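Following the hints, put chains U, P and H in place on chain F, whose structure we already have.
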Amino acid sequence: MRLTCPLCGPRDRREFYYYGAEDYLNRPDAGAPGSAWDDYLHNRDNPAGMTRDLWYHEQGCAQWLIVTRNTVTHAVTAVDLVAGRQGAAT
Amino acid sequence: MPELIAKGPFDGVEPLVMAGLTLAPVEDGPIWSIALLPGGAKAAAKALKPLGLAFPGPGGISEKAGLRLVWTGRDQAFLFGDLPAGLEGAAVVTDQSGGWAGVTLTGPGAARALGRLVAVDVRLAAFPVGGVVRTGLNHMSAVILRTGEDAFEIRVFRSMARTCWHELAEVLRHLGARAPLSA
Amino acid sequence: MRIDGKGIIDRTRQARFRFDGRDYQGFKGDTLASALLANGVRLVGRSFKYHRPRGILTAGSEEPNALVEVIGKTNRTPNVRATVQEVFDGLETRSQNRMGSLKHDLLAVNDLFAPFLSAGFYYKTFMWPRAFWEKLYEPAIRRAAGLGSLSGRHDEGAYEKAWAHADLLVIGAGPAGLMAALVAARAGADVVLADENPVLGGRLIAEGGTLGGEPAAVWVAGVEAELRSLPNVRILTRTTVTGAYDDGTYGALERVGLHKPARPDLPRECFWRIVAPRAILAAGALERPIAFPMNDRPGIMMAGAVRSYLNRFGVAAGKRVTIFASTDSARATARDLVAAGVQVAAIIDPRPDASVVEEVPVHLGAEVIDTRGRHGLRSITVRKGAESFEIETDCLAMSGGWNPTLHLTSHMNVRPRWSEDLAAFVPVEGAVPGLFAAGAANGTMSTHGALTAGKAAAEAALSALGRVAGTVAVPAAEDAPYGHRAIWSVEGRGRAWLDFANDVTTKDIRQAAKESYASVEHMKRYTTQGMAPDQGKNSNVGALAVLADATGRGIPETGTTTFRPPYTPVSIAAMGAGGRGAGFAPQRFLTSDQASRDRGAPMIETGLWYRPGYFPKRGEATWKEACDREVAMVRQAVGVTDVSTLGKIDIQGKDAGRFLDFVYTNTFSTLPVGRVRYGLMLREDGMVLDDGTSARLGETHYLMTTTTAAAGLVMRHLDFVQQAFCADWDLRFISVTESWAQFAVAGPKARALLDSLLEMPIGDLPFMACAAARVGGVEARLFRISFSGEEGFEIAVPTRYGEALFRDLLARAETMGGGPYGMEALNVLRIEKGFITHAEIHGRITAFDIGMEKMVSAKKDCIGKAAAQRPGLWGPEREQLVGLKATGPISAGAHLFRPGFAVERENDQGYVTSVCWSPTLGAWLGQAFLKDGRARHGETIRLVDHLRDIDMACEVCDPVFFDPEGGRMRA
Amino acid sequence: MRYSGWKVFAEGLRGNKGWKPAWRDPAPKAEYDAIIIGGGGHGLSTAYYLAKNHGITNVAVLEKGWLGGGNVGRNTTIVRANYFLPGNSEFYSHSLKLWEGLERDLNYNVMHSQRGLVNLFHSDGQRDAFARRGNAMINQGDDAILLDREGVRELLPYLDFDNTRFPIHGGLLHPRGGTARHDAVAWGYARAADRRGVDLIQNCEVTGIDIENGRIRGVQTTRGAIRAGKVGIVVAGRSGQVAAMAGMRLPIESHILQAFVTEGLKPVIDHVISFGMGHFYISQSDKGGLVFGGDLDFYASYAARGNLPMVEHVMEAGMTLMPMIGRARVLRSWGGIMDMSPDGSPIIDKTHVEGLFLDCGWNYGGFKAVPASGWCMAHLMATGESHEVAKRFRLDRFATGHLLDEEGTGSQHNLH
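Protein chains in written order, with the working numbering: chain F, 1 to 90; chain U, 1 to 183; chain P, 1 to 971; chain H, 1 to 416.
One should not assume that every hint holds.
[Unchecked claim] In silico EDC-like cross-links for lysine to aspartate or glutamate, where the CA-CA straight-line distance does not exceed 16 angstroms:
no.	chain 1	residue 1	chain 2	residue 2
1	U	7	U	27
2	P	859	F	29
3	P	319	P	392
4	U	7	P	808
5	H	391	P	906
These are computed hints drawn from the structure, not numbers from a lab.
These numbers come from a predicted model, not from an experiment.
Isolated chain F, as found in the complex (with noise of 0.2 angstroms):
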């Protein structure tokens, strides 16, 4: 499996370190009823299909990055700088 890093371009899967769905980037406030942090830190859509996750290049460039890929297939469509999204700043 290779993930195209924006920054250094096509690397094997295991330069790579995987954290879990992009649900992780939606961080409620500080707040959020419980309900909202449960939904934030454990219950997930887990598609069977297309998803976008978080992996981090740690042998690479140190940066953390949305893949957006199909969890059946393992077709990646996209890799995205986390920090380059919209409403990174906060």
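Leaving out everything else, chains U, P and H in the frame of chain F:
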């Protein structure tokens, strides 16, 4: 008053010559990490210009008069050489001197030899001369510079110097043993 | 029997080898199988279940029967295919899976009991009495099962792993593969050409014949010469592509040194990771046996194999050969044999309408219904219509048709498609992105068809790669249509084998279907069909046909089992190359490493690092004596230890403090410059991630310290938080762990020691403060912090000065009655002082559990704050950190109980995380987590460790045992 | 038909012509008292215990493919009771007791073999963590022995005690731990359930869950609608998709776990060995193949196949721990789809829909749990109450913080 004698990661290590390739330690001088702050690119460029250096993009190296500025991450580069003034406010500068262990791998077929060990594509089209990649040297993260078609500089964390040497020496030993084989 | 003038073996280079203790003669270019056949050896193995005599069936890696052990000087290799192993001078081999000699295998009695060993019999018995399974039945089954045997000795052989990147990977160097490689190479593409055999050519070598008017071998040699002359081509012979993985990554096994005597550093095998956007599968096809009664005797072989032994190795597989086949290709085998002067007794072709061109007896519409010959074929019985007759023969060449070698195309779960005209499965295009089958592997059976298909596949690949193909002419070659008729099994009295290796017969399949195991996966798992070393390459399709017949379904409806990597078995040593010994993970060494070893310190792995356990002095018998001395030394004089393994992260920028406030539970933006503060870091789920001290070196400059264990974890965590939640903040950070060597100097005389070498005395540097310093003309950093409870400092210098400073510090310390101390003493000191480590913050612990909930600032948000509020993480039901004091030995890992209560889970009150003997307090001390512990100080608790046989009453107390007011640290 | 040595003998004499089907192949009825979605190990054992323990025999098991085609047919067959957190401890202890009587209960030889399991440790810290575990096991009534380096050497002399990267300090021996023949477990439960009247319906995929004002009514399938007052979702690996049919979003992420088997070899490894530092574990099957595996591939996937990085890591771990297996050849690799939960422990609970029950989140501990999972799920479906040994496997524990995190790695699904 103590007398502190500096010691490099490869002190006392002799170059290894095998299969027509040479694995040798590198003596590094000062290494500075220069990380641009948000919006700091312009000011940094201004500070680097008089030195004939430009802040490198991904995989790039900017070199001039013994100074070498090597891309190492997003808006981040390592400067090999003395630190210029004027980067304050534009970038965060951190001393990385002595934190890295470096070796060179040179000789005909060096690219294919290194290419056996690293997962990245070392063919010239993917990894041109004068370029840099951050990748895995087996289980270690490494910074690899291509200084020639068959010449590389490889750096890993200083504490891993021995493992780095071992990994590369193994490649050379295996190639050396294969050499007499007719394909 | 050798045939003069045939084959491409080098008859000028003889190779002496041994099989089962007997010496034989072969030639360079022989496989063990061809050499044994040339020597008239037919019996080479025993079957898995019934221990039936078995010979050589095939001429390739798919061989199910001829598996042997290769004996090396230091070790042996089991289950080696005699059809793949090349002979060399001194090769030592022996047969396997036998009790006694190969000819007189005692386990052959299993064959007599065959009726009671039908499919799945073991699921129905061996159940009584219970205890007999492990003691009696299973050991017996295990001894009988298995094939070859490992020596049990470490594999000292050299192995290699390698990467290769190319534009195009060509799998197989037969007509299709060679043509594809040639076309792509001439167009300038980077090509890797891999073939399982030592020689290129595939069927062109096995079948002989002519190409473009010249002998096929000549054409092959010409193409090989050109390919080898091109810099953009890498030819990997003896290399089997074993797996297709995501995004154009392929695994391949190269047999580097297995065809030679072992040589130092020469890899036995190399496991390749080949990355190519396009690949062409030109692996040819595998011939199918026919399941006729008693079809497993030595001497019964695949027709294509017989032909290959003749044309490639110059060996006649028998003196009097018969053919039983429903394919024209097998008839060609007969013609080759006749032309070579080998007697062909008869051709039995089940096709009534097949042509007759050979000048030998041909029986159309006939079948073989029985065979004879205990250790090798003697004769066969043929049925033609009503009549049946016997034929004397020592070699039967059979062919039930061909299966395209499409395995790689289904490694990504897409099952192949059934083709009625080929009576075989064929690849589905796109099943593996970028991989395209060509030639016989794609069902194109003629040589000319293969050449043309290879060329077309290469042209398609080139245009996909944006390259232009030159014009390459396809040489004239055999182009007969694929003449065949599917014949799966022949009815008769005896057993008819499908899976030779696992002894699965047509009866087993029919029984499985009858017993509800009618889906192909059930049948396979119930009968073990296709689970032997050949993974059903010879038998799966036949078994499927028999199953389809038994269930009244068609073959496509019956389906096929999934093919999974590897295509051929790969040694663990090859895929695990480099992992042996220390190679498994990088080793990290401190600058003080040599100095510590010089003093005899045993080094302990902590993560990837090596740290000194203790520094033994003459006369000290145990680690504990040394440890006690080192503890006392620190408490009474001064001790020095290397703390460089702790993670150091340099954080700078206007928002650095704001950032630390977000990742730590407590506040750092208010920390004065020049001061140090203890910080607690949570995971987003509210559990403690790590703790450590962070120093404010300047207005916008912090230095964070992490534990050794969590250094990498914390770096990744900070990168995430910063990039995900505050990418626009004014801050950058980087690890400086490797740039600084840092040493803790602790004890009443620590200040005096440091003042003796610092250029400026420490002066009034307060506790939890830091300052720049100079030592020996070198810029240093000085921190006044303590993990021991004594007045303590940490001094950091650039790594290159680490060893020199360490040696200097020790020398000075020793003049003051001090010296180095190791991990053991460090651990005792911190327990006496009530400091925690990852033994306590083990991932299930909240700030509340360790009594630090007040460190979670109410004024701000921070990572983990919200989740830590969950009700289940608060209250008396939680186990809280306490100290334990005991008069006798106690142990970490013990559990805690109320005195008088039964020692069982229901009454469990908590557990112990750390213990030590405190030479300072003269007592055993522990840290433990106890239900509602903070409310139970003073209570007596029962500590039980069944494993170490400890049952001890302890006093529950505050975790800080020594100098609770901290006067000594602040002194 | 009852299986026995005599039966095998008698059938042998008459050419094995008399064997009867192990289970019927019924068409689905319009209505059942209870429906189990999922014909894997857990689903089949749930159906069996519904019939055996609770007398509920009008039950259908709906399997979209073939019985036992899920993880029960794709695992490394390890059976153990060596957990240390209350909640897990009693559950796996109960499961092991059921294993110990399973052959006779099912009249099917599942080849449960208590060959002993050794967890190796490589530092004092790990030793103490395993001591805590071992003591918890004994407090639960199970067995554990702490071995020092020499104790391990006696048991497993072929390990590399001299050169391995993480020297072996000792191990925790779980004598009653072992292995079983995975397929046989599914088939044994299937046959036993069928004999008690349960309908096993293969090639019947559930496409919808019928709910009326908060109560379960039945399911839609590729073989038509089937009504039932109680429905159990027991489809680990696909839990998310099926639960979504009932409007649920689960605390689960699906991951690949690869495993490997070598060619058959004469007996060389007698125990089950687990090497924590290398995420590597191994045993030898009765057929002679070395059965071994490692950690997840770590990325969410339903592909049931993995990639090389983890393959190589597992092989390297094997080579540093026990280089004597170097010349064994890997014959086949496969990947199971794991329901990974945020604390590494399973869920056996009611849902927001009355009459709809959930059994999922087995991470990669599902095989050994098959008997107790079915036992407790059947109890829950029959009585509406959680079974004593499964009462902590609640669906809401992540929200409330009553976690069962043996690994201590927290709310990251793939780290358990």
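List of violated hint numbers, smallest to largest = Every hint satisfied by this model.
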